[in-house]
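We have chain B; now place chain U onto it with these hints.
Protein chains in written order, with the numbering used here: chain B, 1 to 282; chain U, 283 to 527.
Bear in mind the hints are in silico, worked out from the structure with no lab data behind them. Mixed in with the good hints there might be a few duds.
FRET-style restraints, in silico, Cβ to Cβ [what the hints assert, rightly or not]: (1) U:G498 to B:L50: 52 to 62 Å; (2) U:L486 to B:A85: 19 to 29 Å; (3) U:S326 to B:P154: 52 to 62 Å; (4) U:L353 to B:K157: 25 to 35 Å; (5) B:L50 to U:L499: 49 to 59 Å.
Far from chain U by the CB rule (all over 12 Å, computed), these chain B residues [claimed, not checked]: (6) E26; (7) S43; (8) G48; (9) E56; (10) V67; (11) A150; (12) G162; (13) T180; (14) A215.
Note that CB positions come from ideal geometry on N, CA and C, so glycine has one too.
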Amino acid sequence: MNTWTRIAGAALTAVALMTAPAVAKEWTTVKLGTEGAFPPWNSTKADGTLEGFEIELADDLCARMEVKCEWVVQAWKGIIPALQAGKFDAIMSGMSATAKREKVIDFSQPYGSTGQTFGVLKDNDLAALPLQGIVFPLASKPEEAEKAIAEILPYFKGKVIGVQASSIAQGFLQKYFANTAEIREYGKTQEHDLDLLSGRVDAIVASMAYVSTAAKDPANEGLVQAGPRFQGGMLGRGSSIGLRKGSDDLKAMFDKAITAAKEDGTIKKLSEKWFGFDVTVY
Amino acid sequence: MDFAFFWEALLTLLPGVPKTLQLAFLSTGLGAIIALFLAMMRLSGIKPLDWFARAYLFVFRGSPLLVQIFLIYYGLSQFPEVRNSIFWPLLRDPFWCAIIALTLNTAAYGSEVIRGGLLSVPHGQVEAAKACGMSGFRLFRRIILPLAIRQGLPAYGTELILMVKATSLASIITIMEITGLAARLVSETYLVIEVFVVAGAIYLAINFILTRLVQGLEYRLTPHLRERPDAGIVMPTRETAGERA
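Chain B extracted, bound-state conformation (with noise of 0.2 Å):
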């Protein structure tokens, strides 16, 4: 073999090796993305470690995966395109699977599930919202999801909501309250925390998780939680893993190794010591 054919045939191999890297990729390490400012699910701790209910999840389903997990911290708004940039290869962020986001992305069957709410400050009319702490389902019961709706709309009127851009619940928002209340988005939760305290937004719309972690911290005083909960349907399936379209070993290990948490009662464990309540998907 002389010196030109042993270059081609390296320069060969680099190219089937560029081409198709999932086709006998044999997973050992994975590299997931995370906000890293959405607690309880994944929040940065002042040392800048990571701690959270997925922190402690993804330990167990990486050890009954048998492979290495490898946090990235990325900014929400631009995770998806780092995900498909190759940045990493699954996003593990309290990202619910919608419609809209399987266009691009796959995600593995969902790991935990809060719904969305409102968050007040006490003394403003909204903390009377009625159907205070109520469950709607979106998708499997939408007259009545749709009539709770109507029943809080005037509330609203003229009132200005903060929202997470690019979040499930500012679709929500869009579609039932964009024409009695004005909308203002926010690149971070912690932002429209701070516009609801100094008082230039009435109300903020988050998933319950949030709004409860939220109300219980010192620094939000006066926040509490208001009015229904809505879930399902457009507000997604629940939290799940957000993988590159294509990567179906990966998310067939996912699938697998939620299933056995689920079963075990590992998730209801951890979130019950993150969250406080049950978040299982059931």
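Positioned in the frame of chain B, the structure of chain U alone reads:
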């Protein structure tokens, strides 16, 4: 790339143009007034005024506009004293917070442009004006300021363009100008390149028009720098000479 999508993206982003222009023009206009005062303070020779202007420039030129917007919007609203003050109706509104931040920022840069212009006014012109009996404010208004503006115009045109682009930062405090709408569209479609190519093209178009306008103004203000047209002096040619004969 999805080329059919470009048109849709353009239609989605164009409604953001008025907001972008409002932010850019209002803040550059208000900023120019503050800039003039700052430049005059710097050149006043009165120590406290001079040092105030220097400190102002140090702060607003030395720190990023992004940080200034954040501090004015999220920072000030933290204090109950601010929320209970007469300024709250203004500071409550994201639009006015953006205007305040952009204005204070451009005033710092603009004041140096104006100061450069004021310093470039030739002594001879000032002396000539004094010889004609002008002094004080009249001298400043009639001679020094117009000359300084003409001198500073090219640099101020650049500042205006920088301001148009700086308005894109207002999207971080919930203002839906071009970049805010673009970010929302990206989050809805995930077509990053297409949306930002269109957004970039809109900014280019705006700035193209603005540079032409500034150039036109510059042309009008500098007739003395252009070659004089031949003032009706016609060199006789053979034909015209023949006719005369």
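Hint by hint, here is what the structure shows:
At about 56 Å, the CB distance of G498 (chain U) to L50 (chain B) agrees with the hint of 52 to 62 Å. A beta carbon spacing of about 25 Å between L486 (chain U) and A85 (chain B) agrees with the range 19 to 29 Å that was offered as a hint. Taken as a hint, the range 52 to 62 Å holds for the pair S326 (chain U) and P154 (chain B), whose Cβ atoms sit roughly 59 Å apart. For L353 (chain U) and K157 (chain B), the Cβ-Cβ distance of about 33 Å falls inside the hinted range of 25 to 35 Å, so the restraint holds.
Against the hinted window of 49 to 59 Å, the Cβ-Cβ separation of L50 (chain B) and L499 (chain U) comes to about 55 Å, which satisfies the hint. Residue placement check: E26 (chain B) keeps its beta carbon more than 12 Å from all beta carbons of chain U (closest about 30 Å). Its beta-carbon lying about 19 Å from the closest one in chain U, S43 (chain B) satisfies the requirement of being farther than 12 Å from that chain. Even its closest Cβ contact with chain U, about 21 Å, leaves G48 (chain B) beyond 12 Å, as expected for a residue assigned away from the interface.
No beta-carbon of chain U comes within 12 Å of the beta-carbon of E56 (chain B); the shortest separation is about 29 Å. With a cut of 12 Å on Cβ distances, V67 (chain B) stays outside the contact zone with chain U, its closest approach being about 27 Å. Even its closest Cβ contact with chain U, about 26 Å, leaves A150 (chain B) beyond 12 Å, as expected for a residue assigned away from the interface. Look at G162 (chain B): its CB is around 8 Å from the nearest CB on chain U, not clear of 12 Å, so calling it non-interface is violated.
At roughly 18 Å from the closest C-beta of chain U, the C-beta of T180 (chain B) stays outside 12 Å, upholding its exclusion from the interface. Distance check for A215 (chain B) against chain U: the nearest CB is about 19 Å away, which clears 12 Å, and the non-interface claim stands.
Violation of the numbered hints given earlier is confined to hint 12; every other hint is satisfied by the structure.
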